[in-house]
Amino acid sequence: MNLLEVRGLSKSFSGLRAVSDVSFNVPEHSLFAMIGPNGAGKTTCFNLIAGVFPPDEGTVALGGRAIIGFRPDQICHAGIGRTFQVVKPFPQMTVLDNVIVGALNAHRDVASARREARGVLERLHLDAKADHLAASLTLPERKRLEVARAMATRPRLLLLDEVMAGLRPTEVDEMVGVFRRINAETGLTILLIEHVMRAVMALAQHIVVLHHGEKICEGAPEAVVRDPAVLECYLGEGAV
Amino acid sequence: MTGAGPGLALRAKVLLAVLAVALVAAPLYTSDYVLSILILCLYFAYAGQAWNIMTGFAGQLSLGHSLYVGIGAYVAAMFFVKFGVNPWLGALGAIAACAVIGAIIGVLAFRFGVGGVYFAILTIAFAEFTRIGFDHLEWLGGSGGLFIPVASRHTMDFLRLRGPPVMFFYIALALALVGLWISAALLKSRFGYYWQAIRENEEAAQALGINVFRYKLYAVMISAALTAVAGVFFAFYYNTLFPEQIFSMGRSIEIILGPIIGGLGTLAGPIVGAFVLTPLADLVTELMELLGIDTPGVKQVFYGVCLLVVVVFLPNGIWPAIAKRLGFPPPGGHS
Amino acid sequence: MPLDLIVKGVLTGLVYGLGALGLSVIYGVTRIVNFAHGEMMTAAMYVAVLLFVWAKVDPMLAILPVAVLAFVFGFALQRTVINPFVTRPEHTQFMLLVAVAMILVNVQLIVFGPDARNVMVDYQLESFEVGPLIIDKARAFAALAALAVAAALFAFFRYSLTGKAIRACADNQLGARVVGLDVDRLYALTFGLGAACVGAAGCLMLLLVDVTPMQGPAYTLLAFIVVIVGGMGSLPGALAAGVVIGVSEALAGFYFTPSAKSMFTFALLVLVLLFRPQGLFGRRV
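Protein chains in written order, with numbering that gives the first Met the number 0: chain A, 0 to 239; chain B, 0 to 334; chain C, 0 to 284.
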């Protein structure tokens, strides 16, 4: 079953077509990656799904329900959690409190939100830092906090915006392991925008490739990596 | 957040117990003059807490809070002087009026994305607008002032709040405690978490499912409603209301000094700030009088210097710097 | 006679505009909101009063010494106290300047007392007759001087090397540092310039009104409103908005009551914040 259905998504900024008639489906419980060179329109696509701004054309449906035109907080209530490319922790709050904020999306009272938050922190190996201020965390830890917070909202779909950026290879591998485990244990559907191919190849079950705002390829990782159109957009005409 | 700390150390509990006893028994051993200072401390502690909810917890800077003190005062005074309604009922009207005004300001500002410094200026403008408005409102005394008939010292009319300073002391004490209790309850509730999230990063807060507009509005309205009660107290304690004084920018600044110097966004900050600043300011005034300097403005310069020193050297306020040493959990967790 | 009023409003408004220019320049470059603006203006007015009383210096001529003094004060203040706060959160900066404002206004209160002071120049009560219009000489001179100072400021930013450097800082602080500009010094320079504008505006204001210490906060608020209506960081906007507010004040003061004129200004502020928050000339961020 498809959890997320994107149909004919288009968005222009001041006449520049950032995203042009993009359609794809994200199957439930899958690990789905969106890749493409810089300026391909990945972030715009991401923001369209996350409700940051409305599309010019096209629809997005989550579990069959249209979510076009929803505010970001409504998107979260509908079941999509997202991280930010430039992490946005709540610096003067503790790590635990940061995640409790997320958990309150799915829990009525603070006590059960706190229990959920502790559980999520454990999964992301941040429980040791629970009582530390978020401002004191290192970058990889902040990235994990960002993910923990989004996960605590009990989403059906987790959107990750270049979450591997700035991480060392060992840290990337660690994150990949965390996502694999979460997906296997809880069935959480993950859609990630990524540049770091190491992570994409290790994680993704499906890949969609964007270039100049259009979808140029879609499929399993092995097939996408060999597709001539993809090779051309990454390596240039001469390389094909 | 004073959430997951190890709790109060023994010395903190002892300190609190001693302070509690000292305060409750104060009228027994202090002079009328000291009692009046304590009343002022408690008043600013309460008003500061009300302001702290909006600015400290939710991060919405209000520099025109004298608006709510003034409206609260005038509404309750109006009910009493013009309609004979006792201040306890009048306070309900004051609370309602201020909640509505807060809602108006909040809706206007937040619907249109007015935040930060612009929002602060907006709050000043509303307060100033009201000040000038009341100056021309002859029905409530205009610039000449509104007066509540004072009873003799020996009456004890609790219903109409006519009585000796002792009565006002306990009312102020109750107010400060209620303020503390409400602040604490709000802080550890969903409101507290969501407000702090909004304060720290609105965009991230929204992505986590928080209706930022609605929660900002709650913060403004609750803060306004609580501040209204401070206004009611002010009206019936001082018995004279002048628009020039009660709606003035100086009054707004007075309210916020305590929380800022004590510790913005903390629970104890406004209380610590009020109890440090008020007696100190009074000491300065006394000192000046002793030296024969009787100029207006000395106290304000003192306030200004205090604010400057704290902002430069202790940007988080006094309380976070001393909380641990006194055995209390540090506000906001460990670094 | 409305035309007289409008002219009066325009002339007064130009002086408001000059004052607000100082605020706008400082904000436009350093992103610091100078909450002590009005208090600096009244301080300048008091200095001009002293110069008049001690040395019979016409406020128009006092512009130069007062502006220089204000420049030095602003430069020093930014360099020593304010600079560390450029990177701190907004409300902390605000509080710092609130503290400075409190100290300034009350020191003035202590030194000069609460009563109003003013100057009476020879031409204070004279006026020009231009057709059916009667224009106060003092007001006309003040407005012309305001325009002159504003023009000098524009020229400085447009054509001088330092002016361009400052504009570079405003556009891109990091980029400015990368190309080797001493951003800290340029910030201090900007604050000094902004203060000098305020100083000049104060001298001119003295030709139009009395000075009391308590006017400080009122001038701060007025300058903010002018800048917001005109657009934060827009120099022509500050002048234009000053004129708009000057005219609205003049009309409101006449058709309603003098004290009601501020109420209209506030109403204007609220309207602008709601419907065109970037101001008349500002760019939407």
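Keep in mind that the hints were calculated from the coordinates and are not lab data.
Please note: incorrect hints may appear among the correct ones.
Claimed, not checked - Below, a list of computed lysine-lysine pairs in the DSBU-like style, where the Cα atoms sit at most 30 Å apart:
#, chain 1, residue 1, chain 2, residue 2
1, C, LYS136, C, LYS55
2, B, LYS12, B, LYS298
3, B, LYS298, A, LYS87
4, B, LYS323, A, LYS87
5, C, LYS136, C, LYS260
6, B, LYS323, B, LYS12
As the list claims (entries may be wrong) - Partial pick of chain B residues on the chain C-facing surface, computed with a CB cut under 10 Å:
#, residue
7, VAL113
8, LEU136
9, TRP138
10, LEU139
11, GLY140
12, SER142
13, GLY144
14, PHE146
15, THR154
16, ASP156
17, PHE157
18, SER247
19, ILE255
20, GLY303
21, LEU306
This structure is a prediction, so every number in the text was calculated from the model and none was measured.
Every residue, glycine too, gets a C-beta built ideally from N, C-alpha and C.
Hint check:
1. C:LYS136 <-> C:LYS55: Holds, at about 19 Å.
2. B:LYS12 <-> B:LYS298: violated, 34 Å
3. B:LYS298 <-> A:LYS87: With Cα atoms ~42 Å apart, LYS298 of chain B and LYS87 of chain A exceed 30 Å; violated.
4. B:LYS323 <-> A:LYS87: This hinted pair holds, its Cα atoms lying about 28 Å apart.
5. C:LYS136 <-> C:LYS260: holds, 23 Å
6. B:LYS323 <-> B:LYS12: Answer holds: LYS323 of chain B to LYS12 of chain B is near 13 Å, not above 30 Å.
7. VAL113: holds, 5 Å
8. LEU136: At 12 Å from the nearest chain C Cβ, LEU136 of chain B fails the 10 Å test, so the hint is violated.
9. TRP138: violated, 17 Å
10. LEU139: violated, 16 Å
11. GLY140: violated, 16 Å
12. SER142: holds, 9 Å
13. GLY144: violated, 16 Å
14. PHE146: violated, 22 Å
15. THR154: violated, 37 Å
16. ASP156: Violated - the Cβ of ASP156 of chain B stays beyond 10 Å from chain C, reaching only about 38 Å at its closest.
17. PHE157: violated, 38 Å
18. SER247: holds, 9 Å
19. ILE255: holds, 8 Å
20. GLY303: holds, 3 Å
21. LEU306: At about 4 Å, which falls below the 10 Å cut-off, the nearest Cβ of chain C leaves the hint on LEU306 of chain B intact, so it holds.
The earlier numbered hints that this structure contradicts are 2, 3, 8, 9, 10, 11, 13, 14, 15, 16, 17.
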